[in-house]
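Colleague: Residue numbers (the working numbering): 4 to 162.
Hints in this document: simulated from the structure, not taken from any laboratory.
Incorrect hints may appear among the rest.
[Unchecked claim] Straight-line alpha carbon distances no greater than 25 Å define the calculated SDA-like cross-link-like pairs of lysine to any residue that follow:
#1 K112 <-> A158
#2 K112 <-> E139
#3 K147 <-> E120
#4 K112 <-> G146
#5 K112 <-> E83
#6 K147 <-> E83
#7 K147 <-> E117
#8 K147 <-> L107
#9 K112 <-> D50
[Stated by the list, open to error] FRET-style restraints, in silico, Cβ to Cβ:
#10 P97 <-> A119: 37 to 45 Å
#11 K147 <-> L79: 17 to 25 Å
#12 D45 <-> V88: 18 to 26 Å
#13 V88 <-> D137: 35 to 43 Å
#14 I37 <-> A74: 37 to 45 Å
#15 A106 <-> R48: 43 to 51 Å
#16 A75 <-> C141: 14 to 22 Å
#17 V67 <-> M99: 30 to 38 Å
#18 N91 <-> I37: 17 to 25 Å
#19 A119 <-> A93: 16 to 24 Å
From the three backbone atoms N, C-alpha and C, an ideal C-beta is built for every residue, glycine too.
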Amino acid sequence: MKRLTRPLAMLGLAMGVALGAAADDASERSQHGILHRISQDDIARVDGRLREALAARGMRLMTVVDHAGNAAGVDLELPETRTFVFGNPAVGTPMMQCRGSLALDLPQKMLLRETAEGTRIEWNDPRYLARRHDLEACELPLGKVAGALSGIAEAAAGP
Numbered sequence: 004m005k006r007l008t009r010p011l012a013m014l015g016l017a018m019g020v021a022l023g024a025a026a027d028d029a030s031e032r033s034q035h036g037i038l039h040r041i042s043q044d045d046i047a048r049v050d051g052r053l054r055e056a057l058a059a060r061g062m063r064l065m066t067v068v069d070h071a072g073n074a075a076g077v078d079l080e081l082p083e084t085r086t087f088v089f090g091n092p093a094v095g096t097p098m099m100q101c102r103g104s105l106a107l108d109l110p111q112k113m114l115l116r117e118t119a120e121g122t123r124i125e126w127n128d129p130r131y132l133a134r135r136h137d138l139e140a141c142e143l144p145l146g147k148v149a150g151a152l153s154g155i156a157e158a159a160a161g162p
């Protein structure tokens, strides 16, 4: 596994955020704050496991956006692409109390989409959101949120 680059690690330390193993995993890291996993299972299986993982962790699934279905409704094609919108108000509310603009990115989202590699699972890195919304002054459980999202993605990806 590749380690975070020094500038990213220093940014995390400057923010007072403990960077966990999930953030160190090069298969998750992206320069744009988008983390990902790939599953070799079809999107229907990954979808089912994602729903189970959310329920098992007490996350409220608010909606699923079927982008491919929406595209078909206007005679366009898109590979199977679904955005899951979910969250836990006990965690998200304090984050929005710290900085109201965070409501632009909450509730959490996880994207499933068919690619040549398999079913790609993508989500926003909470540390990226902290930088985006200038949350340094807030005492927030970013490491815990990052770990939960990574665990949900791992469960959805399957064995």
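Colleague: Take the hints in turn and mark each one as holding or not.
Modeller: Hint-by-hint comparison with the structure:
With a C-alpha separation of about 16 Å, the suggested pair K112 and A158 falls inside the 25 Å cut-off, and the hint holds. Taking the CA atoms of K112 and E139, the gap is near 22 Å; set against the 25 Å cutoff, the hint holds. Of the supplied pair hints, the one linking K147 and E120 is violated, its CA atoms being roughly 29 Å apart against a limit of 25 Å. A distance of roughly 17 Å separates the Cα atoms of K112 and G146; the hinted pair therefore holds under the 25 Å criterion.
The straight-line distance between the Cα atoms of K112 and E83 is roughly 16 Å, inside the 25 Å bound, and the hint therefore holds. With a C-alpha separation of about 30 Å, the suggested pair K147 and E83 falls outside the 25 Å cut-off, and the hint is violated. Taken as a hint, the K147 and E117 pair is broken in the structure, with Cα atoms around 28 Å apart against an allowance of 25 Å. At roughly 21 Å between alpha-carbon atoms, K147 and L107 fall within 25 Å of each other, so this suggested pair holds.
Using a Cα cut-off of 25 Å, the hinted pair K112 and D50 holds, with the two alpha carbons roughly 13 Å apart. The hint said 37 to 45 Å for the Cβ distance between P97 and A119, and at roughly 40 Å that hint holds. Distance hint for K147 and L79: a CB-CB separation of about 40 Å, inconsistent with the stated range 17 to 25 Å. The hint said 18 to 26 Å for the Cβ distance between D45 and V88, and at roughly 22 Å that hint holds.
Against the hinted window of 35 to 43 Å, the Cβ-Cβ separation of V88 and D137 comes to about 24 Å, which falls outside the hint. Roughly 21 Å separates the CB atoms of I37 and A74, a value that falls outside the hinted 37 to 45 Å. A hinted range of 43 to 51 Å is violated for the C-beta pair A106 and R48, which are about 32 Å apart. Checked against the hint of 14 to 22 Å, the pair A75 and C141 fails, with Cβ atoms roughly 42 Å apart.
At about 22 Å, the CB distance of V67 to M99 disagrees with the hint of 30 to 38 Å. Against the hinted window of 17 to 25 Å, the Cβ-Cβ separation of N91 and I37 comes to about 21 Å, which satisfies the hint. About 39 Å separates the C-beta atoms of A119 and A93, a value inconsistent with the hinted range of 16 to 24 Å.
Checked against the numbered hints given earlier, the structure breaks hints 3, 6, 7, 11, 13, 14, 15, 16, 17, 19 and satisfies all the rest.
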